[in-house]
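Go by the hints and put chain U onto chain D.
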Amino acid sequence: MSTKTANSESQKTRAGRPARLSLADWMPKIVMAPTVIMTLVCIYGYMIWTAVLSFTNSRMLPSYKFVGLDQYERLFNNDRWMVALTNLGVFGSLFIGICLFLGVMLAIFLDQKIRAEGAIRTIYLYPMAISFIVTGTAWKWLLNPTNGLEKLIIDMGFEDFKFDWLINPDMVVYCLVIAAVWQASGFVMALFLAGLRGVDGDLIKAAHLDGASTFTTYRRIILPSLKPVFFSALVILSHIAIKSFDLVQALTNGGPGYASELPANFMYTYTFTRSQIGMGSASAMVMLGCVLAILVPYLYSELRGERHE
Amino acid sequence: MSNIANKRQTSGVDKILRVALYTVLLIMAAVYLLPFIVMLITSLKDVEEIRTGTLLSLPASLHFDAWAKAWSGACTGNSCGGISPYFLNSFQIVIPAVLISTLLGAINGYVISLWKFRGSDLFFAALLVGCFIPFQVILLPMARTLGLLGIANTTTGLVFVHVVYGVAFTTLFFRNFYQSIPSELVKAARLDGAGFFTIFYRIILPISTPIIVVTIIWQFTQIWNDFLFGVAFSGFDTQPVTVALNNLVNTSFGGKEYNVDMAAAIIAALPTLAVYVFAGKYFVRGLTAGAVKG
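So the protein lines, in turn, are chains D and U.
Going by UniProt numbering, the first sequence wraps up at 309, each residue one higher than the last.
Going by UniProt numbering, the second sequence wraps up at 294, each residue one higher than the last.
Calculated from the structure, these hints are not laboratory results.
Quick caveat, the model's predicted, so the values are computed rather than measured.
Hints are not guaranteed to be accurate.
[Claimed, not checked] Here are the in silico distance ranges between beta carbons for each label pair:
(1) D/K227 to U/L17: 25 to 31 Å
(2) U/L148 to D/K227: 45 to 51 Å
(3) D/S275 to U/E184: 55 to 61 Å
(4) U/Q179 to D/D200: 19 to 25 Å
(5) U/L148 to D/R219: 55 to 61 Å
(6) D/P297 to U/A60: 56 to 62 Å
(7) U/G195 to D/I37: 22 to 28 Å
(8) D/S301 to U/P210: 26 to 32 Å
(9) D/I30 to U/D237: 33 to 39 Å
(10) U/L205 to D/R274: 46 to 52 Å
(11) D/N57 to U/I27: 55 to 61 Å
(12) D/D160 to U/G81: 41 to 47 Å
We treat Cβ as the ideally placed atom computed from N, Cα and C, and that holds for glycine.
Here chain D stands alone, though its shape is the one from the complex (with noise of 0.2 Å):
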């Protein structure tokens, strides 16, 4: 709609000053064109590309012989990334819910006109500042076993206390949930009290004027009209775990054995470290699924919900 308007009236004006308005006009594409060519190739040419490899069964250097999809059918049979696939199903649920519920919660105790809330507030969100490297190397140290917290609750009396998650495979992907949980819900709660902020005062004093209670109002009204910002917390969120990737890396780098992986490294490992281009180009486009099943019924309702405001 609005790009037939514009481009009618720049018909419009053309007809009144030529010569002029042809550089004008060509202006706005020109300035967009590294964009427009970067976007084009190294953004859809490149998932192409590695959409092809994933066809084929490149090993340590790109070849185009195409198998089909026997490099999907290894990929499924293969123990390792099955660990992964599931690491992030666990990792991804306790993350995303945590995190919801954590920001949520804190951001409508922040919301009762607290006094310091800019202070609190602050206090929450900085770790969102720090690199997730940064996080892993204080959680690596913060849980292992010798000297971690461990040692400081058994000092604290508690003798019998056992807390080696870090080194317990079956345990060692909660870690990562702690850690991702201590970065990320800030951020949550940043998100919903913009959005708390935002909901119409009016609406809660007629709430209250009825009788309704603070913990019906936030139940009844103020909470479902936030649910455009539980969508976005929500996709920003598995975006984050499906990427995840440092975070494992220097927290655990993926061990014991490989018990702490996500798709991202075992991703990584198969193209760049074990040769199998063919394999991690696979992988790859699993997890581009994977962000496309979220994203795209997301994209979809925010851009129906533009057209009809």
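Just chain U now, with coordinates in the frame of chain D:
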């Protein structure tokens, strides 16, 4: 009516609730602060104190040896010059990458909001997808391309990569900001004979300061904290500080020196933390700008 509400606020139950509220908020604040405090304490201890003490036991006296070693003496896998060279590498990557991607984003946003042409909206949608793709999908082709261009393992290569994949976000920021500028403003200026760049330079840029600050801070944080591109595309002497830190922590010859690890981690985090402390408002605005539209 408001009297009743006021009375309700000061009743005994509400007082207890408020105390509970503050308690929860302060406990959570302590939880968020704890890792950083532990890092700081640990970095100021010597190795013996770390072995005998607990996470929260304070050092008997302040030792800055770990900081000195982390800065200029610790081994990061391939050299033993500390993380200072890599700290400088990060700046050499971040500064040009932030400036170029912000400038491109400003011009793109200007075109997409105020100089629409056939397909510009479609292109914006396509670009938006670029904000969200998992970078694993472009990693290998980009590695081949950098090799072909002869800029593999160089700072130039890393700047290029960060610009390419940062432009989507910077364009989004500027586009959303310029969306509220009435197009009549541009039309009027065009009738007065002002051209594409004159309007951008004289009218649009002067009102763009807030979004420029938000974008620069966002890009600075993103690129400084990047690890994936750093580890995939850098050479031994062009590694950013995140990669060096990871090497330092994960390669241990002999005894593990947690105090050095912690000091190095704090050093690597300092620039973005400083930005957050001094310009937190803009940082938060950048974080929420991508998420909450408008």
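Confirm or reject the claim that D/K227 and U/L17 have a C-beta distance inside 25 to 31 Å. 27 Å, holds
Can you let me know if the beta-carbon spacing of D/I30 and U/D237 is within 33 to 39 Å? 38 Å, holds
Using the C-beta atoms of D/S275 and U/E184, is the stated range 55 to 61 Å upheld? 60 Å, holds
Can you let me know if the beta-carbon spacing of U/G195 and D/I37 is within 22 to 28 Å? Given about 24 Å between the Cβ atoms, the range holds.
Distance restraint evaluation - D/D160, U/G81, Cβ atoms, bounds 41 to 47 Å: Hint holds: Cβ distance 45 Å, inside 41 to 47 Å.
Can the suggested window of 46 to 52 Å be confirmed for the beta-carbon pair U/L205 and D/R274? Holds: the Cβ-Cβ distance is about 49 Å, inside 46 to 52 Å.
Return holds or violated for the Cβ distance of D/P297 and U/A60 against the range 56 to 62 Å. 58 Å, holds
U/L148 versus D/R219 beta-carbon gap, inside 55 to 61 Å or not: 58 Å, holds
Is the hinted range of 26 to 32 Å satisfied by the C-beta distance from D/S301 to U/P210? With a Cβ separation near 29 Å, D/S301 and U/P210 satisfy 26 to 32 Å, so the hint holds.
Go ahead and decide if the range 55 to 61 Å is satisfied by the Cβ distance of D/N57 to U/I27. 56 Å, holds
Given a hint of 19 to 25 Å, does the C-beta separation of U/Q179 and D/D200 actually sit inside it? Roughly 23 Å apart at Cβ, these two residues keep to the hinted range, so it holds.
Is the hinted range of 45 to 51 Å satisfied by the C-beta distance from U/L148 to D/K227? For U/L148 and D/K227 the Cβ distance comes to about 47 Å; the hint holds.
Every hint from the earlier list agrees with this structure, and none is contradicted.
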